[in-house]
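Chains as they are written, first to last, in my numbering: chain A, 1 to 255; chain B, 256 to 510; chain C, 511 to 1033; chain D, 1034 to 1556.
No lab work stands behind these hints: they were computed from the structure. Just so you know, even glycine gets a beta-carbon here, dropped at the ideal spot from N, CA and C. Careful, some of the hints might be misleading.
[What the hints assert, rightly or not] Example chain B residues on the side facing chain D (calculated, C-beta under 8 Å, incomplete): (1) Tyr269; (2) Gly276; (3) Ala277; (4) His309; (5) Arg315; (6) Val324; (7) Tyr326; (8) Ala330; (9) Asp351.
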Amino acid sequence: MSRAPSEAGVVRPYGDRRDDGAVQLSFVLPLEAGARAREAATAIARQLGLEQVHVAAMERAAEGFTFFVVYARTAAAVDLGALEVPEVTLEHRGFDELNAHALRAVGRRIVVLGACTGADAHAVGIDAIMNMKGFAGDPGLERYPCLDARNLGAQVENVDLARACGAAGADAVLVSQVVTQRDVHRRNARDLVEQLERLGLRGRVIAILGGPRIDHRLALELGYDAGFGPGTRPSDVAAYVVAEVIRRRGTGPGP
Amino acid sequence: MSRAPSEAGVVRPYGDRRDDGAVQLSFVLPLEAGARAREAATAIARQLGLEQVHVAAMERAAEGFTFFVVYARTAAAVDLGALEVPEVTLEHRGFDELNAHALRAVGRRIVVLGACTGADAHAVGIDAIMNMKGFAGDPGLERYPCLDARNLGAQVENVDLARACGAAGADAVLVSQVVTQRDVHRRNARDLVEQLERLGLRGRVIAILGGPRIDHRLALELGYDAGFGPGTRPSDVAAYVVAEVIRRRGTGPGP
Amino acid sequence: MLLDDGRRVPDLPLDPEEIGRCRELAAAVTDPVLAFVERHTTVSIERTVLRLLGMNGAGPGGVPLANLAVDELARRGLLGRGAAWWFGLALREGAAAPADVAARIASLPERAPKVEPSADREIRALVAEETRAAVAELRDRVARRDGLRRELGVGPRPHRYLIVATGNIHDDVAQARAAAQAGADVIAVIRSTAQSLLDYVPEGATTEGFGGTYATQENFRIMRAALDDESRRLGRYLQLTNYSSGLCMPEIAYLAAVERLDMLLNDAMYGILFRDINMRRTLCDQHFSRRICALAGIVINTGEDNYITTADADEAAHTVIASQFVNEAFAHRAGLPDRLVGLGHAFEIDPAREDTIARELAQALLVRTLFPAAPIKYMPPTKHKGGDIFFAHAYDVMADVIGAVTGQGIQLLGMMTEAMHNPLLMDRFVALRAADYVGRAWRSMGGELELRRGGLVEARAAATLHRARLLLEEVAREGLFAAIGKARFGDVARQETGGKGLAGVVERDPDHFNPLLDLLEAR
Amino acid sequence: MLLDDGRRVPDLPLDPEEIGRCRELAAAVTDPVLAFVERHTTVSIERTVLRLLGMNGAGPGGVPLANLAVDELARRGLLGRGAAWWFGLALREGAAAPADVAARIASLPERAPKVEPSADREIRALVAEETRAAVAELRDRVARRDGLRRELGVGPRPHRYLIVATGNIHDDVAQARAAAQAGADVIAVIRSTAQSLLDYVPEGATTEGFGGTYATQENFRIMRAALDDESRRLGRYLQLTNYSSGLCMPEIAYLAAVERLDMLLNDAMYGILFRDINMRRTLCDQHFSRRICALAGIVINTGEDNYITTADADEAAHTVIASQFVNEAFAHRAGLPDRLVGLGHAFEIDPAREDTIARELAQALLVRTLFPAAPIKYMPPTKHKGGDIFFAHAYDVMADVIGAVTGQGIQLLGMMTEAMHNPLLMDRFVALRAADYVGRAWRSMGGELELRRGGLVEARAAATLHRARLLLEEVAREGLFAAIGKARFGDVARQETGGKGLAGVVERDPDHFNPLLDLLEAR
Ligand code: B12
Ligand code: B12
Ligand SMILES: Cc1ncc(COP(=O)(O)O)c(C=O)c1O
Ligand SMILES: Cc1ncc(COP(=O)(O)O)c(C=O)c1O
């Protein structure tokens, strides 16, 4: 018996049998609970292409609102071969090794500015990456001898951050975005890139976006060089920054 | 401001704004967690027609299996006007009134047999409907003077139940099906109808299907006259049986 | 109270006289039943003996050889002497393979052949010897299981018990491995609906069950092999359990012993109440199956949790306790030490009510306190769950909390999809994550919390114990058969001569021969 | 311990001397701050006075009239005398409408005009009279609120507090009604991100916020009207809360009073630590805003829960307690009775650790025991939540349990989607169902459970109290400003002259005139 399901080919959701397509769904409909609402919920699930739709729960959540829990099967299947997976490739080295390597290859400390920008006051994420203390036992960028890391904190305006990049001759800028309601992070993240461009800095600065609802794909889409999501460790960012700086200087193998 | 959302027109899932289409999804994919699995989960969600797909959680559930929680938006919308809602229509009367009405119109006690059939040993549901004690304060069919209700219990073979219907001259048969894995309830429920047909009884007996995963639509599909799902009360069943017997005798207004 | 495993639970002062009286009454309840049991055998007991003697596998048409043989003996009225005797006769007459024995038994004349006393002695000696050898082999297998368990060690208590139930043993294996990796300690393979009612044990690997997977020797073997492998990989011994219940209790206990299972669902009354199996039959079978469990060091799990799926958990709390005393007495009489008596109970009070935690805590602590050396099996809520998985999950978490605070031994994890389907992989994962958290978060709380003297919890526990004693008085007075006839347990009434399988109960002849029983009783 | 509302919680023996010393130290901490406060006013305080005097609404370009007027006075260095005085001057000179007053103030000469002492006396008398009338009207509105609350009654404690935060006040209304119907007792309308940093209060109904909905007078009115209606329909008074925080603390407190809000988030240090607002500014503003809350019978909710989203909840437990003593002292000094001091704390210990329940219980009970008459506000876990909504739900349920056992007054319900988005309707529904269940199930447990003497829970509570005292010693010695500079709270360091809004702090002239403050202080 093969122990681990194969990692190639086509995959489908798995409930208790290979490829059974089992999924769980919940949502609210603006309807009073009843036979009609149940039918409506079923119809919604069917429009999602679901089969064997089982409305497991239908509960009155409030006047005119009903909460549903649905279990169903989907024929949806993903061809792993055809999947495009944008991914930051990281070559992890030990802390000392990375520092030695960077200082040797770059010949000076790499300047990194970080901030949580716009109206966003969530400093915990950027602090976790930058501050000495670091995150989950992984020391922050300020601790790296090869980096000159400066955390500007939260609520930093994009224009101020862009100017600071110019003034400090930054190699990389780390931008944290946590509040995402109605895509405020997209607007705000794009705006920083524009500010950098306006100052003619975009080419010189590696722009990195991070936050709990950020991934590499989104960062690329917003004009950044890389994106980091939940659970990122400072060492991931250090590895990326060092490799990318070296790659850009043409003095070493890229990431 | 209108208080209750309208009950006509087109409805869509509601998260925090009318028609925002917010739905929650969870499933397992037979893949190791990682960027590729995240993409695969996103791709599955997209195949379901979902937009703004946010993979909120990706957790290794076991070797080669990853659990996902996804939030997304759907454009799916249901036109309430176009919905077909098969529904048992019930005219509820008081206990005494129903009994008086039935005895008057039928002139004798209506014979009702009930059982949980096949290998299914879940007697609690059929007991709740039939036994004196009833369910949630609603007395069971055995308590109705207008009914001659006999609960045959669980694990009753279809052929025995069909024969018993013949022997007792049953007006109605109540079938409970609780175990539904791999559609065993469908097979079993259909089989009873066939047995009744074989004995030439199907026309004479009102066949009613019930259980936690039964609804009226399914019951009709399986050849029954009516279906009752979770939360059914004995009085619902009594109201239906009485009305239907009277309707069939042509001695009163149908249900 | 300090438990054997070092955990502490809140002290619950109980009247020791009341407890002592309950035990006396339970013994009084079992006495007449055991007197009956000692005068009878059953087709399943006899099949078990034949299986031990090597009569495994199925004949033409898939009917197990043991069934063929026993049915033939029963039809001829020869079973009272014990199938082992006829087995010996066939051997003596030159039968080589078990199939041959079965064939010879099938071709016995309608009237029992007479044999000389010396031949009779020879037959008995021959078969007793075979039995001793077979039992020794069985003990070997059990020792191997215990060796692996000692080598790898089991996780800390409570042991997290999760069910797999895909209907297909191979899918079950995948699910069991995943559950183990996510933290399960015990895997229960749920049986297909109504296997209880089969008067034979199906053969081979099976892939088509409903609501569960058939209990077969081969399925046991496949799962145990997978769990052995997974145990080694995880460095933690994974326990396996199944059901010794229904019409084949003793046979399944035996097959489980052979295939090195660790636990078995095995109740004195479950089959009677919930499967409408005849009570004489069940009570004979349960005794024999428990003797096998005692031999094989298998923990039995009793089924009192089931009572409160049909009866109301608030009102019937005392029936659970009374039944536990009875199950304990039966278990002791079958030679099971406390450490193998996994009495069952459950968190099942209607969550729509007030102060349910006080009463659940009282019940769980009462059970824990009354049976301090037993590895109590605690079931999560099931009956009052609906399709709202979020509510169900919160409800399950509460059972995890009570389990942790009251130091339960084996904790079944509730499934948020209990009201829908047999658990999916993700359902188990979600349950395990929550149970992990609760276990960690409440780690020492059993030793930190105390109960208000004379408060709700204490009063409830005392009242329940008292009512259990009153019920036991009644049952001891009227007899267990009569009490079951009056729906005293699980709100279900059964009659002594009703239900399935009564025909399989046979009076033992004066010269009845059951060499396995002789060995078991001699232990 | 028996609470005022009849609930019982486990007794937690604490050293009364230590508690007394903490209160003395907190008073010592507030003394120099209040001395500073008494010598200063702020633009926001002055705007509040103008608003009370009728200067509401916005001028051309949407800038509120009160801002126009106060900015002009500040620019000319005239604010030290108090905006009310200049308001009086304009009135005396014939201004009719508030817009007219604003215009006249804007056209004051750059150097302050001289007035006769008699004119000065007249101005002061005139404005004092207007103020008294305005305050009387405010009291009327508050009395109406209290009337409705008395008429309908509020639900039993803990009051379930749920947030709405769609960004659109009309959607918020729909969500608030739904939440109320599902069982919410308190509706909090979360503000748009960074409203804290606006040095004005936006005007009108708003439909475009991020992470929340702007706090405006009109939004307050719309929501309160909806809740009044819903309260009547449900027969249960629904409370409304918002934020008196950031650069407009006093103004928002006033507008909230006018619109009959019931509670306000209002903390002495939150803005400093989490919004980088200048500490002088915040401490002046908080005092004045609390005086208004005292007048209007508004419960303040302090923000100590926030500290343990940036600092570690295990390590910083004592900072929460120390801050509560400080917040309490400030509140008392502003005339708030205990029943209006909703001190905040939270269930935020990393769930990956062991025995977190013992420590959460210790903390929650410590807060409850130290401040028995305060309607303690208890926050659910937020920081350690990830995207696994099932885990998050289980985690929230645990906070509900601790809240129930420790008799919290105002219980925020955790959202299983905390790590994702502002709550959807279904998130609240799920939370309320679970909280209902927990409330019911654990109803009497606070009175049933006792703590092991000298056990984990007691020891943790005592240690935390002790560390809080040591911290208070330090803060009293070095001063609050210096302590904040050393990151003693929330792991965040701020400097006395840093942060936003310092320019808005103005020294009071010797002849400073603030008739509202005079009235408030006379109470
Ligand atoms: C702590 C917290 C706060 C604290 C912030 C304290 C502070 N100084 O940071 C306080 C209490 C002040 C707060 C306030 C508010 N918050 Co808040 N808050 C949170 C909370 C609970 C945890 C965030 C956190 O600290 N996580 C821990 C860190 C370590 O994780 P992280 O940020 O994901 O960072 C990791 C990675 O993402 C990555 N990363 C992050 N940034 C970067 C940058 C780079 C360059 C890289 C490489 C990596 C990286 O690395 C980090 C380590 O792995 C979240 C809910 C949650 N559980 O996520 C809500 C949450 C973020 N808050 C929210 C909101 C709306 C607010 C408010 C606007 C509410 C209001 N209207 O009052 C206010 C105002 C704050 C503001 N204007 O920004 C919402 C955002 C909703 C959305 N999707 O838009 C959330 C999701 C809660 C919710 N469900 O409503 N909040
Ligand atoms: C109680 C229970 C048992 C008890 C049954 C005791 C008894 N004598 O009935 C015991 C413990 C014995 C048991 C055993 C098993 N059970 Co069971 N059991 C349940 C449980 C927890 C509750 C069912 C219940 O009593 N509900 C309360 C009643 C009142 O509700 P109800 O049945 O829905 O009835 C209402 C309506 O549906 C309706 N109704 C029902 N029938 C009818 C008929 C008519 C004509 C009408 C009009 C209305 C009507 O009216 C009733 C009142 O409103 C459910 C899980 C759950 N929470 O639903 C699992 C569940 C039904 N069991 C299940 C299984 C698999 C089994 C087993 C097969 C497991 C095994 N392999 O060992 C065994 C064997 C039983 C068998 N062969 O049938 C599965 C079924 C999975 C599936 N979808 O196929 C469930 C869903 C649990 C699970 N998730 O795995 N079970
Ligand atoms: C003791 C016991 N046996 C058996 C079963 C399973 O049911 P079945 O009769 O289908 O094997 C249960 C179910 O909980 C049980 O508790
Ligand atoms: C006291 C207090 N004020 C305000 C806020 C809200 O943040 P903002 O500064 O965006 O208004 C909080 C958040 O928890 C708080 O506790």
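Right, here's what the structure says about each hint:
1. Tyr269: Result: holds, 6 Å to nearest chain D Cβ.
2. Gly276: Since chain D brings no Cβ nearer than about 11 Å to Gly276(B), farther than 8 Å, the hint is violated.
3. Ala277: Interface hint status for Ala277(B): holds (6 Å vs cutoff 8 Å).
4. His309: Given a least distance of 7 Å, the restraint on His309(B) holds.
5. Arg315: Hint on Arg315(B): violated, closest Cβ of chain D at ~12 Å, above 8 Å.
6. Val324: holds (5 Å)
7. Tyr326: holds (6 Å)
8. Ala330: violated (17 Å)
9. Asp351: Since chain D brings no Cβ nearer than about 32 Å to Asp351(B), farther than 8 Å, the hint is violated.
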